[in-house]
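Chain H is fixed; fit chain Z onto it per the hints.
The lines below spell out each chain.
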Amino acid sequence: MPVPQQMGKGDRMGRGPYEKSGLLEDTSLPPLRTITQSYDIFFPVKVEEKDGKKVSTIASDSMDVEVKLWYLPYGTMDDDPFLWKEFKKTVKISTSGK
Amino acid sequence: MKKIFYPLAALMLLVTGCAFCWAAPPGVGRDQTLAAQPKANSIAELAARYDSSSCIECHQQAHDEWAKSIHARSIFGTGRTALTFKTAIVNGAMEWPSSEVKTPKDIKVEHLMGCAKCHLPQLADATDKVAQEIVTTIWDWDAALKKEDFDKAEKFEKTLTSLNINCLICHNRNAITHKWSEGYPKKDTVYGSKSGEHMDGKFTKMAKGQIVSESILCGQCHGLGPNFDQENPTQCATAYGSYLMAYVPEGGNKTCQQCHMKESKLGHDMQSYRSKVMAEKAVDMHVVTNSVYWRDNATIRPKTSVRVELTNHAGHGIPDG
Chain H
0 MPVPQQMGKG DRMGRGPYEK SGLLEDTSLP PLRTITQSYD IFFPVKVEEK
50 DGKKVSTIAS DSMDVEVKLW YLPYGTMDDD PFLWKEFKKT VKISTSGK
Chain Z
0 MKKIFYPLAA LMLLVTGCAF CWAAPPGVGR DQTLAAQPKA NSIAELAARY
50 DSSSCIECHQ QAHDEWAKSI HARSIFGTGR TALTFKTAIV NGAMEWPSSE
100 VKTPKDIKVE HLMGCAKCHL PQLADATDKV AQEIVTTIWD WDAALKKEDF
150 DKAEKFEKTL TSLNINCLIC HNRNAITHKW SEGYPKKDTV YGSKSGEHMD
200 GKFTKMAKGQ IVSESILCGQ CHGLGPNFDQ ENPTQCATAY GSYLMAYVPE
250 GGNKTCQQCH MKESKLGHDM QSYRSKVMAE KAVDMHVVTN SVYWRDNATI
300 RPKTSVRVEL TNHAGHGIPD G
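Each protein sequence line maps, in turn, to chains H and Z. As numbered in numbering that gives the first Met the number 0, the first sequence has no gaps in its residue numbers, which increase by one up to the final residue, 97. As numbered in numbering that gives the first Met the number 0, the second sequence has no gaps in its residue numbers, which increase by one up to the final residue, 320.
Honestly, the hints are just simulated from the structure, not real lab data. Careful: at least some of the hints might be erroneous.
[Claimed, not checked] DSS-like mimics (lysine-lysine), calculated; alpha carbons at most 27 Å apart, straight line:
#  : chain 1 : residue 1 : chain 2 : residue 2
1  : Z       : K280      : H       : K52
2  : Z       : K302      : H       : K87
3  : Z       : K280      : H       : K84
4  : H       : K84       : Z       : K116
5  : H       : K8        : Z       : K116
6  : Z       : K85       : H       : K8
7  : H       : K49       : Z       : K302
8  : H       : K91       : Z       : K302
9  : H       : K53       : Z       : K280
10 : Z       : K275      : H       : K87
11 : Z       : K275      : H       : K88
12 : Z       : K128      : Z       : K145
13 : Z       : K275      : H       : K84
14 : H       : K67       : Z       : K280
Keep in mind it's a predicted model, so treat the numbers as computed, not measured.
With the rest of the complex left out, here is chain H (with noise of 0.2 Å):
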């Protein structure tokens, strides 16, 4: 979102429309412009001992991964919260190979 400066001077934002002239920074998507993340989600693993060495096993070969875009006219999910758009798949990895 864009940020705005609080009275125009400083690092503090400022959240009430009286005390916001300036942007400290802006978050908010471009207009016409691809915005794009990257997120890296590990498997949970089960580490037991075995023989004296750990060995570590995949709790489960699939995992539900879920994208939400949140708009947060506040600032909080407390507040109001919008969700825009929303995005839900099981993931799977293989269980063979070394």
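Just chain Z now, kept in the frame of chain H:
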């Protein structure tokens, strides 16, 4: 005689001086606008000055669409806007040492224009008494809500919503931005897509509004950034600034009205992200996943890479603010 002459001379000077003080601001036709009438002295008077109820008979659909939009309750909003007026007074004007506002009773039109420039531009055509009445009504509404006196709260809400951004603001008062080159909006004329006679007792003429289909009409309120014309600049909206400086440079060539009124098929029910059609039109989200085994020196850990692409098709940054 001398004793009489000097006071007379002084009186003459005073009268001449006042004539200069009261000289009308420049602009041929400025005195023929709705804004130039004697200043409204109450909420009821201001609401009557910009009363567009006579439009409904012939423009029922446009009215019904508009009534669903936030323009129809521009100083009240969902209640949040009214409370923000209050916050702007308590946390803003009352805290600023040079504002001359010690209590809400000190509020004048000029103090409210930080909000009202967009939420109620016609407040500039009213006396400080109207600013006071608005402030009192907001305070009373809030107090009634806190006491859970909902009937009273509704009454105050009705008063506050009697002032809004209606037909006459966009199709008359604010319909001409370049008044020295195109003339001032006339008090008997509505500005739209046609010219000629208009079937209305008060607004008897139609004229082609040069900017009624242009983004600049909306840009008057939907913001460039700080309003430097004010004693204490504020910026509520920056959408028009983003339109000019980001959307157009990226090759965008649609107007606000094309997206918000025509393509959305919402007409005068101008909406933003809370409307399903606008939300869907504005942003695309494309997600690609790829699951792989990550291997460091000793361990392998499966992971999935999630790549999220967000494309903003709107004519401004999202969100605005």
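Hint check results:
Distance check on the hinted pair: K280/Z and K52/H sit about 55 Å apart at the alpha-carbon level, beyond 27 Å; violated. In summary, the hint linking K302/Z to K87/H is supported, as the alpha carbons are separated by about 17 Å, within the 27 Å threshold. Between K280/Z and K84/H the CA atoms are separated by roughly 12 Å; this keeps the pair inside 27 Å, and the hint holds. Of the supplied pair hints, the one linking K84/H and K116/Z is violated, its CA atoms being roughly 33 Å apart against a limit of 27 Å.
Annotation: proposed proximity of K8/H to K116/Z holds, straight-line Cα distance about 23 Å (limit 27 Å). In summary, the hint linking K85/Z to K8/H is supported, as the alpha carbons are separated by about 24 Å, within the 27 Å threshold. Between K49/H and K302/Z, the direct Cα distance comes to roughly 24 Å. Compliance with the 27 Å bound is thereby established for this hinted pair. The straight-line distance between the Cα atoms of K91/H and K302/Z is roughly 10 Å, inside the 27 Å bound, and the hint therefore holds.
Proposed proximity of K53/H and K280/Z is contradicted: the alpha carbons are some 52 Å apart, above 27 Å. Between the alpha carbons of K275/Z and K87/H the distance comes to roughly 20 Å, so the proposed pair stays at or under 27 Å and holds. With a C-alpha separation of about 23 Å, the suggested pairing of K275/Z with K88/H holds against the 27 Å cut-off. Using a Cα cut-off of 27 Å, the hinted pair K128/Z and K145/Z holds, with the two alpha carbons roughly 26 Å apart.
For the given pair, K275/Z sits about 11 Å from K84/H by alpha-carbon distance, which is consistent with the 27 Å threshold. The suggested pairing of K67/H with K280/Z holds, with an alpha-carbon distance near 17 Å, which does not exceed 27 Å.
Hint compliance for this structure: hints 1, 4 and 9 are not met, and every other hint is.
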